[in-house]
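Produce the complete structure using the sequences and hints provided.
Line by line, the protein sequences are chains A and B. Oh and the first sequence: position 243 is 243 in my numbering, straight run, nothing missing. Oh and the second sequence: position 250 is 250 in my numbering, straight run, nothing missing.
Be aware that a few hints might be false.
Derived PhoX-like pairs (lysine-lysine); straight-line CA-CA distance at most 20 Å [as the list claims (entries may be wrong)]:
#, chain 1, residue 1, chain 2, residue 2
1, B, Lys203, A, Lys326
2, B, Lys34, A, Lys150
3, A, Lys150, B, Lys44
4, B, Lys325, B, Lys34
Stretches of chain A that chain B covers, calculated by requiring three or more beta carbons in the stretch to come under 8 Å of a beta carbon on chain B [stated by the list, open to error]:
#, stretch
5, 5–15
6, 215–225
7, 304–316
FYI, nobody ran anything at the bench for these hints, they're computed from the structure. The beta-carbon is built from N, C-alpha and C at its ideal position, and this holds for glycine as well.
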Amino acid sequence: MDQPLYQFIVIPIIKIVVILGVLSLIVAYLTFFERKVLAYMQVRLGPNRVGPRGWLQPIADALKLLVKEDLVPAGAQKFVFMLAPALIIVPAFLVFAVIPFGPATKLFGLLPEAIPPYLTDINIALLFVLGVSSIGIYGIILGGWSSNNKFSLMGALRSGAQMISYEVPMGFAIISVLLMARSLSLVKIVEAQQQGHLWFIFPGLLGFGIYFICGVAETNRNPFDLPEAESELVAGFHTEYSGMKFAFFFLAEYTNMLVVSSLATVLFFGGWLRPFPNVAFLGFLDLVPPFIWFALKVACFIFVYLWFRGTFPRYRFDQLMHVGWKWLIPLSLVNVVLVGLYVLIAKG
Amino acid sequence: MSEPLETLFEGEEMELSFGPQHPSTHGVLRVMLKLDGEKILDAKPIIGYLHRGTEKLFEKEPFPQCIPHTDRLDYVAAATNNQGFVVAMEKLLGITIPPRAAYIRMILAELQRISSHLLWLATHAIDLGAITPFFYTFREREEILDLFESYCGARLTLNTMKIGGVPFDLPDGWTATCSDYINRLPAHIAEYETLLTGNRIWKKRTIGVGVISGEEAIEWGLTGPPLRGSGVRWDIRKVFPYDRYNEVDFEIPIGNNGDTYDRYLVRMEEMRQSARIVRQCLDRLPDGPVMAKVPKVIRATEGMVYGSVEAPKGELGYFIVATEKATEPYRCHVRPPSFINLQALPDMVRGRLVPDLVAVIGTLDIVLGEIDR
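Structural data, given as structure tokens:
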């Protein structure tokens, strides 16, 4: 077979199909995971009727949403209304093109040569992630605006303001990682943590805190779930959406949770690396394949998300802005200075 | 640059119909909002979506058969609704009820107060975004409903008091189950408090929200926790004791600032005090009949009477007008606490944000069944 064709067409397409397939399945089961975890936190059982122990519930949900009537409210901007769900879900999935799930692998000797399990490693991966994921907000704003519903509009406006304000401290928190890793490539960032013998969480604890708070706010999850605050705005920006279009908003929210968790793993928790990557006597931990380590770390963050939801009330809009502008931004600036000093002293 | 700065930034006003079908208007309340962005310029509650003509129905029913209608006023606190009506009727007819009946009534009414407050806490917390307390409180509320069920067969619309006493004596083992429950309750209340009382977000959402001063509260005629939260020590059980409330020992918790957080604390403490009353009643439960001697067909003496009880939401009063030898009320007006408390809503939310409206509706603890009647 022609070598470039094989390398640039066939393998990437296989990877894309696998990543998209696995990702959709994970996102679907994330809803199941959330319902179960919340249920156990709230002294109830959660879904347990469809399939053994409810394991087929996400499939049933998807089928239900597929066959539901697809309504477009009177007076809605039809084209924009249809466009918005696509605008939010495409960037969410697109980000996974650059997330490194593990190092190059032969898949237990099944492949003749080692292939990296991620789609691509571009040298501006981090900028790509930030840029692409901010496009998702257009989906929310346009969806809320085009619905011709005042609750949707308010949800969209809230979400616009929220995402813009929280992107700033998030960016600064990420800069602190860049200072330590000296690269924008996500693979290089993980490798830098291996060479540094230390995950970036230890010098970057404050940065991680800021990053994760902003991440929760970016994904509109509790306690920052104002754009869809059920008790205030009915369902916020997706009040008028039904059927598959609603499912897209729903999937995008969960995919974004995965994005934030994956990025947190890569930036602060050593990506696919095992704990203490270079300590020899912990070598037995290498028996666990790298992408399992990655998945485990991501799962922990997802659990924290659900834990938040089970615990906290919701901020009010002005308080959210207050936290963002008056606390997180100054703190993240301080963090950049501190990490800069650390890098200066530790690495000369 | 001729325009003054204020008008340059002035937004367009938006009218928003908040309800009657909305997740957090606690039924079918509709609030017409005038908004500037998220700021509330004016709020106007619109009621009547649950009007069933209860007061008119009273005029067609013999006195004892009015009681089931009272169940449907504040439908999450049927026992205290019954109590209000029978207390007023006994005042009109001059009936004294046997002590055992009074104690059973007090137990039922205080359990009902706890269950109503548990429901309030559940919905109030959900309104402010905390979903978990809902399931915890409903676990405890379930046990109260089980107690009601084993006493009178009904869980929600109890119809459990009669003019002159209560319809049944307590079944065997009921007091033991009840006392076991009451012993466990304070630990459960502490559990809710760990989730909410010290939580920074909960405090931020409730402190200073929906403030009403003691004087204003009295002028609006507020009763119940909204009045006590503003620091006014007023409780019908203390000031005009009915049944045997003068024989039990309990305190009236009050707040200082009259905000949502204080009303929250007041209600949490009220649950503990109610548990205390139930405990005393169980310990001192006298023997004897549970019904006074009352004729089969109750005929009124001419006159009018106002009898009121402290319902979970405030003062619940019945004003009954009867003609000589009549078997049904000529007129029966209900003074529902929720209806009067709701009046203060526009004042409490004007100039604040939409999320505060939800908090204030929750903290007033309204039930549309008794507002619309």
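Structure-based check of each hint:
1. Lys203/B with Lys326/A: Roughly 19 Å between the alpha carbons, so the hint for Lys203/B and Lys326/A holds.
2. Lys34/B with Lys150/A: Roughly 12 Å separates the two Cα atoms, so the pair holds.
3. Lys150/A with Lys44/B: Within the cut-off at roughly 18 Å; holds.
4. Lys325/B with Lys34/B: Distance ~53 Å between Lys325/B and Lys34/B Cα, so the pair is violated.
5. 5–15: Contact hint for the stretch 5–15 of chain A vs chain B: violated, 0 residues under 8 Å.
6. 215–225: holds (count 3)
7. 304–316: holds (count 8)
Checked against the numbered hints above, the structure breaks hints 4 and 5 and satisfies the rest.
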